[in-house]
Amino acid sequence: MTATASVPPMDATGARGVRLSHLTRTYGAVRALDDFSLDIAPGELVALLGPSGCGKTTALRALSGLEDVTSGRIIVDGEDVTAKPANKRDMAMVFQSYSLFPHMTVAGNIKFALELRKVAGDQNRIVADNLALVGLDTQADRYPHQLSGGQQQRVALARALAVRPKVLLLDEPLSALDAKVRVQLRDEIRRIQQEVGITTLFVTHDQEEALVVADRVGVMSNGKLMQIGAPADIYSRPATGFVADFIGLTNKLPGRANGATASTLGQTVPLLPGSASGDVTVLVRPENVTLRADAAAPTDRRGTVLTTGFMGSHAKVQVQLPSGGLLAAQLGVAEASALAVGDTVEVVLKGVPALAI
Amino acid sequence: MDGVNARARRSLGVFRVVVLTLAAAYFLIPLVSMFDFSVRFPLTGKVDANAWLALVAPDDSGRLDLLREGLFNSAVMAVMTVVLAVGILLPTMVLVRLKLPRLSRTVEFICLLPLTIPGVVLVVGLAPIYAVISTKILDANTIWLAFAYVILVLPYVYRSLDAGLRSIDLKTLSETARSFGASWPTVLFRVIVPNVRSAIVSACFITIAVVLGEFTFARMLARTNLQTSLFQINLSDGQVAAVVSLLCLGLTTLLLVALDLVVGLGERRRARSARTVSQEDA
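As you go down the protein sequences, you meet chains A and B in turn.
Just so you know, this note's numbering puts 246 at position 246 of the first sequence, and the rest follows in order with no gaps.
Just so you know, this note's numbering puts 124 at position 124 of the second sequence, and the rest follows in order with no gaps.
Just so you know, the hints here were simulated from the structure itself, not pulled from any lab data.
Please read all numbers here as calculations on a predicted model, not as lab measurements.
Cβ atoms here follow ideal geometry from the backbone N, Cα and C, with glycine treated the same way.
Among the hints, erroneous ones may be present.
Said to hold, decoys possible - Counterexamples of contact, computed for chain A against chain B with all Cβ distances above 12 Å: (1) S37; (2) D77; (3) D90; (4) A92; (5) R159; (6) G342.
What the hints assert, rightly or not - With a Cα cut of at most 25 Å, we get these calculated DSS-like pairs of lysine-lysine: (7) A/K316 to A/K252; (8) B/K99 to A/K84; (9) A/K166 to B/K171; (10) A/K118 to B/K46; (11) A/K84 to B/K171; (12) B/K171 to A/K88; (13) A/K111 to B/K171.
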């Protein structure tokens with residue numbers, strides 16, 4: 001998780017990716033970045049995820065040069081760019097708010113970026129190719145105010161890709177869009193990023209977005225990188241209670257840990273490495289819980305159905321425990337439809353390793 | 001219900017007509033009176049165009065030279081004031097908004113300050129400065145009054161530019177341009193200026209109007225501008241002064257209308273293209 005100070009090794013194409021090494025950024029007493037380190041391999045898409053104010057945007061802006069760092073080093077493609085101004089770094093950014101230049105057409109926006117970057121070649125061809133990449137090749141002559149929000153962000157993406165930057169920076173590019181367009185564009189970003197093979201840093205507060213789009217997800221809190229790993233690892237093997245809590249829904253069950261297992265709700269569950277021992281809180285995902293309608297269930301694993309909610313492909317059931325606590329379970333639609341509010345159920349924890357804190 | 005609405009609409013219509021008539025009377029009666037004064041000899045009541053013809057007739061009194069000098073000085077000062085005021089204030093306001101937002105209140109206060117200080121008081125403060133400028137730095141040429149006029153127009157230019165800059169996402173646009181490699185001058189001239197063009201033009205309008213109508217500074221600092229020359233002519237021939245005032249007013253109005261048309265042309269073209277596209281979509 002923590003980077004070393006050396007330059008990342010060169011890959012087969014000669015690119016070295018990005019290294020953010022021990023970055024600190026303070027605003028008075030506030031540490032927006034606190035000894036933050038991150039390596040991004042060439043062609044990799046890393047998503048930084050975290051709650052508002054965790055420092056994810058500051059990290060991205062530090063990499064872009066729009067924000068100075070108090071200490072630390074930023075190395076891009078083997079070159080230390082820490083002291084370089086934003087306009088001298090070979091990067092391109094897509095912002096959360098619509099960032100097309102309003103007085104220029106779609107084609108004009110892309111050509112302006114090409115001109116600034118002094119990109120050689122047939123500019124009309126580059127514009128057409130990149131607009132085709134985002135499916136807007138018929139919109140070249142329109143002005144930004146004639147496009148929808150989703151189209152504007154697509155053009156912003158095409159503009160960023162057109163200059164073939166060393167690093168593509170995406171600062172919550174989907175936040176301003178409605179849900180359907182967001183999902184559509186999210187998938188497009190992933191497709192295009194893989195097609196073009198560009199090194200990308202994607203900042204978001206939407207966990208689903210991060211998990212779907214990224215090769216690796218970094219979870220941040222208070223200016224620190226709490227954990228970074230493949231989306232599946234982050235989800236199924238959270239390193240800390242914060243990560244487990246932030247990524248997906250988690251049931252917090254009181255229990256007692258003893259070595260590699262913990263007992264909770266009268267059952268034993270295997271524990272993930274790094275779990276605490278003694279009196280603990282066991283973090284169990286809703287999909288690792290099953291419910292059986294059983295009025296005669298043992299008291300310590302008994303619960304009462306409080307609510308059921310249809311979610312399309314699955315259902316969410318909320319259960320009241322005898323201790324007064326609440327437990328969420330994710331069930332198949334058929335399973336859930338067999339349960340009614342007020343039913344007494346037996347809570348069964350699947351044997352999936354959980355984290356104890 | 002419909003009857004009530006119709007009555008309300010009628011009352012509103014009458015109210016509009018009354019307000020427009022009063023406003024038109026307020027503006028037009030002095031102009032018509034000035035015109036009447038310029039063609040009617042005050043003592044005999046005889047109507048002729050002598051005062052108007054005097055502007056093109058050979059003149060030995062030197063009053064046309066004085067007028068030309070005043071007009072030329074005012075025109076030069078209007079251009080200088082526009083360039084200086086917008087040239088100084090726009091980059092300053094952009095810088096403050098992007099890098100020093102905590103200073104925005106201070107800058108606003110400084111820019112609005114001239115509104116609260118009477119012109120006569122400002123001149124009292126500026127007189128010793130102009131004594132130095134005239135004798136030690138530059139010379140006594142009237143056009144250097146443009147520096148003082150920059151102070152005079154600061155509040156109006158600030159308000160116009162402020163409205164323009166508020167209407168765009170300055171931070172995102174400039175950061176986008178920077179991230180693509182734009183230098184700060186490129187950001188200013190190719191990204192910000194085109195998007196606040198209307199605000200800049202309205203700042204120019206008001207600056208030109210203020211400079212062409214300025215009298216106190218020039219009179220008290222003994223300089224010749226359009227208004228002081230009109231005043232001088234008025235002392236010897238009130239009718240010619242009225243003619244020149246009317247012509248200046250007309251020319252200024254024409255200039256502002258022309259500027260407005262030039263600016264509006266681009267916007268209308270853009271709006272038309274937007275309408276065409278929507279029709280194609282439909």
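Tested hints:
| no. | hint | in the structure |
| --- | --- | --- |
| 1 | S37 | holds, 23 Å |
| 2 | D77 | holds, 16 Å |
| 3 | D90 | violated, 8 Å |
| 4 | A92 | violated, 6 Å |
| 5 | R159 | violated, 8 Å |
| 6 | G342 | holds, 53 Å |
| 7 | A/K316 to A/K252 | holds, 16 Å |
| 8 | B/K99 to A/K84 | holds, 18 Å |
| 9 | A/K166 to B/K171 | holds, 23 Å |
| 10 | A/K118 to B/K46 | violated, 73 Å |
| 11 | A/K84 to B/K171 | holds, 20 Å |
| 12 | B/K171 to A/K88 | holds, 18 Å |
| 13 | A/K111 to B/K171 | holds, 21 Å |
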